[in-house]
Amino acid sequence: MVSLRYILSRSGVEIMGEWVPVIGVLTGILVPISVFIWLYHEGKGKRDAVLEIAKHLDDPSKVEKLINLFDERKKEPIDYRRGGVITLFVGVGIYLLGLFAMGNFFQGIGMLVGAIGLGALIAGYLYPNTSEEITAAVERFEDQ
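Residue numbering for the sequence shown is 1 to 144, as defined by this note's numbering.
I should point out that these hints are in silico values taken from the structure, not numbers from a laboratory. Just so it is clear, the structure is predicted and the values come from calculations on it, not from any experiment. Ideal Cβ positions, reconstructed from N, Cα and C, are used throughout, including at glycine. Accuracy of the hints is not assured; some may be wrong.
Result set (BS3-like, lysine-lysine): computed pairs, CA atoms no more than 25 Å apart in a straight line [to be verified]: (1) Lys-44 x Lys-65; (2) Lys-62 x Lys-44; (3) Lys-44 x Lys-55; (4) Lys-62 x Lys-46; (5) Lys-55 x Lys-65; (6) Lys-46 x Lys-65.
Computed beta-carbon distance windows for the label pairs [unchecked claim]: (7) Tyr-125 x Trp-38: 33 to 39 Å; (8) Leu-26 x Glu-52: 28 to 34 Å; (9) Phe-105 x Gly-43: 55 to 61 Å; (10) Leu-69 x Leu-26: 38 to 44 Å; (11) Ala-137 x Lys-46: 19 to 25 Å; (12) Arg-82 x Gly-24: 53 to 59 Å; (13) Leu-69 x Tyr-127: 29 to 35 Å; (14) Leu-51 x Thr-135: 34 to 40 Å; (15) Glu-132 x Pro-60: 28 to 34 Å; (16) Gly-119 x Phe-141: 34 to 40 Å; (17) Ile-67 x Glu-132: 25 to 31 Å; (18) Ile-23 x Glu-139: 56 to 62 Å.
Just need the whole structure built from these sequences, with the hints factored in.
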């Protein structure tokens, strides 16, 4: 049986076998760069609007409030327990994928991811992260 590769190479059409790694590397470089450019252009309108409004405000406290309105970062600390549970079960899923379909390599990866999730879960219980938990920990310490 004549292979497709032989037919394509005989007809003058080159197979892109040599270009696959190059395209893979370029994709790995271009994706983060395009995300940074996209985020810059997305935030540019907000920054321009704040600048125009700040030009017409005389009170610095109002400017500070305006800037805080556009601050999209989370104000609450990271919940390690939630992330640990999610990561733990992702690891279990990868392990089961390796167990039933893909082999020992994926079982090992699943065990690694599950161990990371278990560590994050334990860290979430060792280190309080919400303001109520921190206040309770400080009060317990002061009572001693």
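Outcome of the hint check:
1. Distance hint between Lys-44 and Lys-65 is fulfilled; the C-alpha atoms sit about 19 Å from each other, no more than 25 Å.
2. This hinted pair checks out: Lys-62 and Lys-44 have alpha carbons roughly 21 Å apart, not beyond 25 Å.
3. Annotation: proposed proximity of Lys-44 to Lys-55 holds, straight-line Cα distance about 17 Å (limit 25 Å).
4. For the proposed pair Lys-62 and Lys-46, the alpha carbon gap of about 17 Å is at most 25 Å, so the pair holds.
5. Proposed proximity of Lys-55 and Lys-65 is supported: the alpha carbons are some 14 Å apart, at most 25 Å.
6. Among the hinted pairs, Lys-46 with Lys-65 is consistent with the structure: their alpha-carbon atoms are about 14 Å apart, no more than 25 Å.
7. Roughly 38 Å separates the CB atoms of Tyr-125 and Trp-38, a value that falls within the hinted 33 to 39 Å.
8. A hinted range of 28 to 34 Å is violated for the C-beta pair Leu-26 and Glu-52, which are about 39 Å apart.
9. Our hint of 55 to 61 Å for Phe-105 and Gly-43 is violated, since their Cβ atoms are close to 41 Å apart.
10. Roughly 39 Å separates the CB atoms of Leu-69 and Leu-26, a value that falls within the hinted 38 to 44 Å.
11. For Ala-137 and Lys-46, the Cβ-Cβ distance of about 37 Å falls outside the hinted range of 19 to 25 Å, so the restraint is violated.
12. Roughly 34 Å separates the CB atoms of Arg-82 and Gly-24, a value that falls outside the hinted 53 to 59 Å.
13. Between Leu-69 and Tyr-127 the C-beta distance comes to about 31 Å, which sits within the given range of 29 to 35 Å.
14. Checked against the given bound of 34 to 40 Å, the beta carbons of Leu-51 and Thr-135, roughly 39 Å apart, stay inside it.
15. Against the hinted window of 28 to 34 Å, the Cβ-Cβ separation of Glu-132 and Pro-60 comes to about 33 Å, which satisfies the hint.
16. Hint check: Gly-119 to Phe-141, Cβ distance near 25 Å, so the stated range 34 to 40 Å is violated.
17. Roughly 28 Å separates the CB atoms of Ile-67 and Glu-132, a value that falls within the hinted 25 to 31 Å.
18. Judged by the Cβ atoms, the range 56 to 62 Å given for Ile-23 and Glu-139 holds: they are separated by roughly 59 Å.
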